[in-house]
Every structure is written in structure tokens, then in C-alpha cells.
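Engineer: Spelled out, the chains give:
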Amino acid sequence: MAQTDLISEDILAYLDAHEHKSLLRFITCGSVDDGKSTLIGRLLYEAQMLFEDQLTALEADSRRVGTQGEELDFALLLDGLAAEREQGITIDVAYRFFSTDRRKYIVADTPGHEQYTRNMVTGASTADCAVILLDARKGVLTQTRRHSYLVHLLGIRHVAVACNKMDLVEFSEGRFREIEREYAEFAAQLGLEGFTLIPLSALRGDNVIERSEAMPWYDGPSLMGYLEAVEVDQERMQDAPFRLPVQWVNRPSSDFRGFAGTVAGGSVAPGDRVLVLPNRRETTVERVVGFETDLERAVAGQAVTLTLADEIDVSRGDVVVAADAPARVAEQFEATVVWMAEEPLLRGRTYLMRCGTKTVPATVAPIHYKLDVDTLERIAANQLDLNEIGVVQLETGSPLAFDPYVENRDTGGFILIDRITNHTVGAGLLRSGARRDESVPWQELEIDREARAALLGQRPFVVWFTGLPGAGKSSVANALEKRLHALGRHTVLIDGDNLRHGLSKDLSFSDADRAENNRRAGEVAKLMTDAGLIVLAAFVSPFRADRETARSLFPEGEFVEVHVDLPAELAAQRDRKGLYARAESGAIGDLTGAGGAYEPPEAPDVHLDMATFDVAAAAEEVFRVLQERGLVE
Amino acid sequence: MREVVAEAENPVMLYSIGKDSSVMLHLARKAFWPAPPPFPFLHVDTTWKFQDMYRFRARMAEEHGLNLLVHVNEEGLARGINPFDSGSVVHTDVMKTEGLKQALDKYGFDAAFGGARRDEERSRAKERIFSFRTAQHRWDPKNQRPELWRLYNARHRRGESIRVFPLSNWTELDVWLYIHREGIPIVPLYFAAERPVVERDGTLIMVDDERMRLEPGEEPMRRKVRFRTLGCYPLSGAVESEADTLPKIIQEMLLAKTSERQGRVIDYDEAASMEKKKVEGYF
Ligand SMILES: Nc1nc2c(ncn2[C@@H]2O[C@H](COP(=O)(O)OP(=O)(O)O)[C@@H](O)[C@H]2O)c(=O)[nH]1
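Chains A and B, in that order, give the protein sequences. Heads up, the first sequence is in my numbering, so the first residue is 311 and it goes up one at a time. Heads up, the second sequence is in my numbering, so the first residue is 771 and it goes up one at a time.
Rather than coming from a laboratory, the hints here were simulated on the basis of the structure. As the structure is a computational prediction, the values presented were derived from the model and not from experiment. No residue lacks a Cβ here, since even glycine has one placed at the ideal position from N, Cα and C. Hints should not be assumed to be uniformly reliable.
Calculated cross-link-like contacts (lysine-lysine; reagent style DSSO-like; alpha-carbon spacing at most 30 Å) [said to hold, decoys possible]:
1. A/K448 <-> A/K331
2. A/K414 <-> B/K800
3. A/K331 <-> B/K800
4. A/K815 <-> A/K792
5. A/K414 <-> B/K876
6. B/K1018 <-> A/K331
The following label-pair restraints were derived from C-beta to C-beta distances [as the list claims (entries may be wrong)]:
7. B/K800 <-> A/R412: 24 to 32 Å
8. B/R928 <-> A/R759: 47 to 55 Å
9. A/D326 <-> B/I899: 27 to 35 Å
10. A/R412 <-> B/P806: 18 to 26 Å
11. A/R607 <-> B/T1015: 29 to 37 Å
12. B/K800 <-> A/T506: 35 to 43 Å
13. B/I899 <-> A/R583: 31 to 39 Å
14. A/D549 <-> B/I899: 26 to 34 Å
15. A/R514 <-> B/M991: 21 to 29 Å
16. A/T506 <-> B/R992: 32 to 40 Å
17. B/G929 <-> A/S564: 54 to 62 Å
18. A/G600 <-> B/D971: 28 to 36 Å
19. B/T1015 <-> A/L500: 51 to 59 Å
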């Protein structure tokens, strides 16, 4: 029965139904003119959430300033915000409400593109689901990627991509599939799984509430159908481990001491064994106190008061957790931070960090990197500016109980507060943590090659010098390293000699051992680039196949092969280390160039004719090529 | 509410006697049970409320042992401000807005709970739950804080204060349904009954006491009416109705589809936007 009929015929049944409806919160994201206002306006209209006076105003406005001729212009329902923006009022998110037979909805609408990241993150922080709009004519744009990245970052598990304005592409299935493919590719890159593409026309109403007849080829749900069925986060959180951040200690008299808070995960019942973090005191839940009566059980989302069996010290900011699945406790954290203030986040600054119900000072240790939200590229940074997102290390003065954000938004999300102005200047998502006093390794940290490199402010790569002994590999490598070092690059030079003195001590000069030596050299170079360093590797590396093996360890473009080319006779003449003389005398067998085979590179990245170049010129030539390839500025 | 009590030094709950205040009071009793709500309740009285409202206020204070503070802008009274001669705008501004500021200053409250909701009006959609005011009670639209997850930053400097709207995300239907489900008492004026009214500019105004000034030719008539919002009686429009039970009220509200604020005479009076009123300190 339609809502209206039920209201007039059986109001009590309607009220009962309304009371038991689930509440879904979703955020809408789109660029200007993608049709967001039209879509939300239509949802409100169709859900009959408009009052008569609003409707009259809408009709009048549509006639006066609307863009739809005689039709209603739904976008006008939301335009309150535009005027306010002109008055200079900051709007981060506007919330609107409607309900259907099955659910109640709160829509978070983030206006415009200014402050976009900050606003979207705010709106997304409380959403179960996101509707990302795109214009079917334009397809997946940079903004679409950005919106998708942000909703994914904020842990939204359900994303509907509303492919709007299908009427302007003749409801073409081909076009839709094209967009679908493109989006799927990007989503995979992002690790975004729960997404659904819906072709629709907000203006005409196709696939908004009812399935559209104009697109018989589409067999998925309408947008409303999708929203009615999607899972609500709070229901899912009821299965998570029990968490209750203590908000307030309730002590009306000496015989009652209760710990009040909102259950942030799982459920709790009298008799449950719990730990109070961060001090790890274990006890049993005695009562779950509701209003005027006790509860048998309380679940995620409910605000309750617990009493505990033992007299232990518990205060605001502590977290009561399931004893068999406790939260973590740490003093050092790795976190993704979204910066929301004009004044930048700086390394070394101390802010107040509010996580759960606890507020502690937190100092920004290194900023590992910041992210370009459009390309997902990681960039070295010493500060985060307004609307920038970065991965930083935070150190708190005291231990804090937490869960990684991906496991629990309420115990893993935090805000940063400026200590002077008291403003909320940043939002953060905890990824992992460590304790100072325990030798807990940072095993869970996702510090990878890019992160380390970003911290060093450079892009790692390998310059692999190959050539006969005495051709000048080490000298050129040395000269190049000085040049890079002077530019503030972090480098390391490894060469055949020092490798053979240590790591490859056990190897001979047999072909097999040369190959093994070469393999080790490649792996060492790789470890060094993983550390973020620029590696200059000087190895005879006589065999093409071995050099190719080394090359295969590195990403495309980050292995630069330099052939330091000096004919054997000249090398023997120059023979600075006396190798050729020793080979001559039989002290070294199979010296490459003096009997041992050398396979010159067929197409080296740089070819240095050492018969004509001196060391400085050779190094300069390599440097020029590195510049040309964009590896150094 | 718990959050504010934990963070603020001297919180207060604004109590306007209307249905939203009834819900707020109920929630406050729940939030701190078995302790009583650990803050006083403040009624900024314009002296022009319905007699039923005064009776209801006394009953609630008594039943729940509330620490009820009543503040009247005596200065306004002395100046002879009243809804008839001063007009609704000036009356509301002086007796309500000014009165509220006086009371907040007098008691030094740094946090005040109010019952406003985001669904009340289009422009309220973007309101924060914690709204910050300067020491002069001004709302600085550019300095409001983003609200993420369930984290509210209530820190403020001495002199600054916060208005907190716990019902922000409730709809009017939610409020009614909650009253129905929890059996929360509300002022009888919400229920239809025969009452003496006069019709003025298309609005039915109740003749609640002898202070009501009748225009020439106006004769109070008995009509079955109820009120959708309650304020000063000369400024509150009644609607004709048969709804004398909660389900009937809700039914009527859902089917009538005229938004709540229409009954407030104050809204017709001047084209002042909500924002302007708020910048000036209207709650
Ligand atoms: N043809 C067509 N036009 C649309 C559709 N949805 C929105 N529009 C139009 O696109 C323009 C921008 O829409 P609006 O809702 O204001 O976009 P917003 O900036 O994302 O809120 C308006 O002229 C709308 O009428 C659609 O599905 N089809």
C-alpha cells in the first residue's frame, strides 16, 4: 500500500512501520551540472516529502526562474545553498531527509567544488553509501576518480555510480557499457569493490524510482531500488568486536558508578568479560543500564551505561572492549590525514587529537607523503595544505586505544584540533600503530618504496654500468654520484669489488658464479631502491641475459643501462688496478677481456665511448640522459 | 548531551515548553539516568505564553525535580514591549532574543541545548549540531567546524559559547512518533479542543487571557482548533482540526502537508532570512 493510503486508512500501522524502518545515510557527489540537485530534488519529490507550500513555491519558481519550461525544475528545491554561498557563509554539507515504505534516508549533499575534499570527507564520514554522479556524455572524468577515491578512503562500502543524462546519449547501451568498463578498470586500481553502475536520467526520471522503459537492455535496479536494498553500516557493526568509548562517568551517589557511552561496535550483555583500555584492566560487565530499566543486551549505535563487577579506575576517554578481541593500544600511529584548515599541517607541530572520547596531544613526526587525489600519485611533502591528503606519523604523549579505521570508523577515525584557536583543522584515519616502550615492530605499516622515496623527495632508479674491467665504470659512477649528491639526491654506489669482498665472498669467477654475483648485485640494487635510494651499480656483468635479469627487477624506465665501452687493448694499457697484468701472469684466470667472454649491450640506454670521453665528460653524458628521461631535474 | 556535559563548564537546556522541549527533556532524563539531568533548564519567558503552557511548565518542573530558571527581560517589560504595540518582530527580538542573551550572560552558561532541527526549513539543512557563538553571542558563519563521524569538538575559549542541537537529524515525524511511542507528555494545546478564537488576517488567534486586544467588530468564537507550534499566544496561529489524539495529529500532519513554520506569525512579518536572525542571536 502506498504511504499515503496507509496514513489515511491505518495510521497506527503506518506509525509502527515507520518506527521499524532502517535508516540509511548516503552522500551524493558530482561536479557542477552533473545533475545532482535535479536528482536529489526528484527523490524528495517522489518520496512525497514536499509540503504543499513548498510545492507551490516550487511551481512558481519553476515558472519564474526554472530551466524546464512548463515542467518542474527539481534543482530549485535545493538552491537555498547557492544564495548562502554568495553571502560568504561556509557550507560544508547540507543534510536532507526523506522516507519510503521501507526506509528513512538522510542525504548528505556537498555543494560545489570549492573546499571539495574537506566537504566530501565530512559528508562521507557518516554515510553508509555513496551516489557518484557522472554525465553520460562525458564519462569517467578526473572528478569521478577523485570522488571515488574519497568515498573509498572514508570506508564507504557501497557505491552507486549514477550515469546521468542518458537521454542525451539516446539511452545507448553501448555508451553505458563503455563507461562501465572504464569505471571498473579504475575501481580495480583503487581496490573499490562494492560498486553498481545505474544508467538514468534525473531530469526525466528514468531509473530513478521506477525501472525505465527507455532502457530495456538494463536489468539492474533503479537508483531507489538500489538504495532500498543496500546494507546499513550500523547493522554490520553489530557483528564487530565490542567497543564502548567511555563518554561520561555517571556517579549520582556512592552506590552507583556507571560508565556511559555509545556502543561503537559489537554488542554487550551482563556477564561479558571486558578489558578497559589503555590500562588493560580486566573485569566483567555487571549491568547494562538503559532508562529506568536494565537491558539484556545493547548493540552498536545504542547509548547506554555500563556498571562493572570490579572497582577499577575508569575515566572518560577509556575504551571498554571485548576481552577476547581487544582493540590495540599505541603511542605512535600511522594515519591518513585530510587537512581542513588554511594554515598548513606542519611536521613537528603538536595538535590535539580526538579519537573516540579521548583527547590527547599528538605531534606530527614525518609526513610520509601526500597524495594527488586525481592521479593517486604519492608526492614528497613537508606540509599539508588545505584540502590535501597525506600519510603521516603521529606521536601521542600517552597511550591510546584504537582500531584501524578499516575495521571500525568510530574507534579508528579522529580529528585534529588546533590548540590555540580550538578549530577542527584535520580529519584522520588510523592505519596502524606501535608502542614506544615495547619493541613491537612496525610490521603492519604500509611503508613502501614510494613512501620512503617520497620522504627522501626523490624517485629511485638504478644506473647500471657495464663494461670491461678497467673501462672506467667505477670512476664514472663515482663522478656521477658526486654530481647527484651535490644536488641533494640520496645515492649509493655499489661495485663489483666491494660486493665481492663481502656479500659475494663465497663466489668464484666461474660463469655460474658470475651469474650468481650478478643476481645478488641486482637484488641488492633493488633493496636499495626500495629504500628510496638512487643506485649506481658498477659491475662488469658480462652476460646480456644476466643484465636483463637485473633489469627485470625494476619498473619500466627505472633501470638505466650504461655501456662503459673501452676496447680490451686500451683497458689493458690503462690497467689501473693491475688486473690485466695479474691475468697475464696467471694470478687471475678468465679475466673478462683477457680471455673471458664479454657480451656488449645491443642497445644500451647510454653508450660511453671511453676512448674519447674522459671521466667527467662521461659522467656528464649520463647525467644528461637522466635529465632527458625525467629521472632528475 | 553527554558529550556537552563532559566538555562544557556550565551547560543549560533551553526549555520552551513546546513539543520539541518535551522530547529534549525526555532525552536528557534518559541520557543521565539514574542521575537526574546534570544541568538547569532555562525558560526565556516573554510573559505572553499560553496559560496552558505555564501550567505545563510548573507540572514538569515539579514531576522531574527540575532546576528551572525563568528569565524575563525586565528592561523590555519596563519599556512596554508587547506583541500588540511593538509588532511581532520587535517583541520577539527584545523579549526572546535579547532575553536569551541576558540570561546566558547572567548565569555564565557556556553551552545551551536547543531543539531546532535541520528539516524545519530549507536553509537549516546545513546547520551544524554544535554551533559556535562569540562572546557577543554572534554566530560567525565562517568559523563553524566540520563535524565528522560522531566526533564533536566542543572546545571553546572563555566567554565563547556553544548552541547544541541534539535533534538536528530528526524529522517532524520522528518527533511526533517518539512522543507517541514513549508516551511523552505535551501541552494540551497540541490537541484539538473547542477554544475561543478570533480570525485575523486569515489566521486564527486564541483569546487566551484578558490581555488580548480585540479589534473593533471582533467577537471571540468557539472553534475546534489545535496548535502546531506554540509561542506567544497573540502570535501563534491555530488550525481548525478534529485531531484530539496523537495518531490523529500525526495523520493530519502527514496528510496536510503544509510545513510547520507556516503557523508562526513571526515568519510572515519581515523578509528577514533565518541567517540574519541567527547572526543576531535568534536561537
Ligand atoms: N537532459 C538532461 N539534463 C539533465 C539531467 N539531469 C540534470 N540535467 C540538467 O543539467 C543541468 C544541471 O543540473 P543540476 O541538477 O542543477 O546540477 P548540479 O550542479 O549537479 O546540481 C540542469 O539544466 C538540469 O536540468 C538529465 O538526466 N538529462
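Engineer: Each hint should be assessed against the structure and marked as holding or not.
Structural biologist: Results of checking the hints against the structure:
1. A/K448 <-> A/K331: Violated. A/K448 to A/K331 sits at ~37 Å, over the 30 Å cutoff.
2. A/K414 <-> B/K800: This hinted pair holds, its Cα atoms lying about 24 Å apart.
3. A/K331 <-> B/K800: 22 Å, holds
4. A/K815 <-> A/K792: OK: A/K815 and A/K792 at ~28 Å, within 30 Å.
5. A/K414 <-> B/K876: Violated, at roughly 42 Å.
6. B/K1018 <-> A/K331: Roughly 21 Å separates the two Cα atoms, so the pair holds.
7. B/K800 <-> A/R412: 24 to 32 Å: Cβ of B/K800 to Cβ of A/R412: about 28 Å, so the range 24 to 32 Å holds.
8. B/R928 <-> A/R759: 47 to 55 Å: 50 Å, holds
9. A/D326 <-> B/I899: 27 to 35 Å: 29 Å, holds
10. A/R412 <-> B/P806: 18 to 26 Å: Violated, at about 39 Å.
11. A/R607 <-> B/T1015: 29 to 37 Å: 34 Å, holds
12. B/K800 <-> A/T506: 35 to 43 Å: Between B/K800 and A/T506, where Cβ atoms are some 39 Å apart, the hint holds.
13. B/I899 <-> A/R583: 31 to 39 Å: With Cβ atoms ~35 Å apart, the hint holds.
14. A/D549 <-> B/I899: 26 to 34 Å: Given a distance of about 28 Å, which is inside 26 to 34 Å, the answer is holds.
15. A/R514 <-> B/M991: 21 to 29 Å: Violated, at about 51 Å.
16. A/T506 <-> B/R992: 32 to 40 Å: Between A/T506 and B/R992, where Cβ atoms are some 59 Å apart, the hint is violated.
17. B/G929 <-> A/S564: 54 to 62 Å: 36 Å, violated
18. A/G600 <-> B/D971: 28 to 36 Å: 49 Å, violated
19. B/T1015 <-> A/L500: 51 to 59 Å: Since B/T1015 and A/L500 have Cβ atoms about 54 Å apart, the given range 51 to 59 Å holds.
Hint check: violations occur at hints 1, 5, 10, 15, 16, 17, 18; the rest are consistent with the structure.
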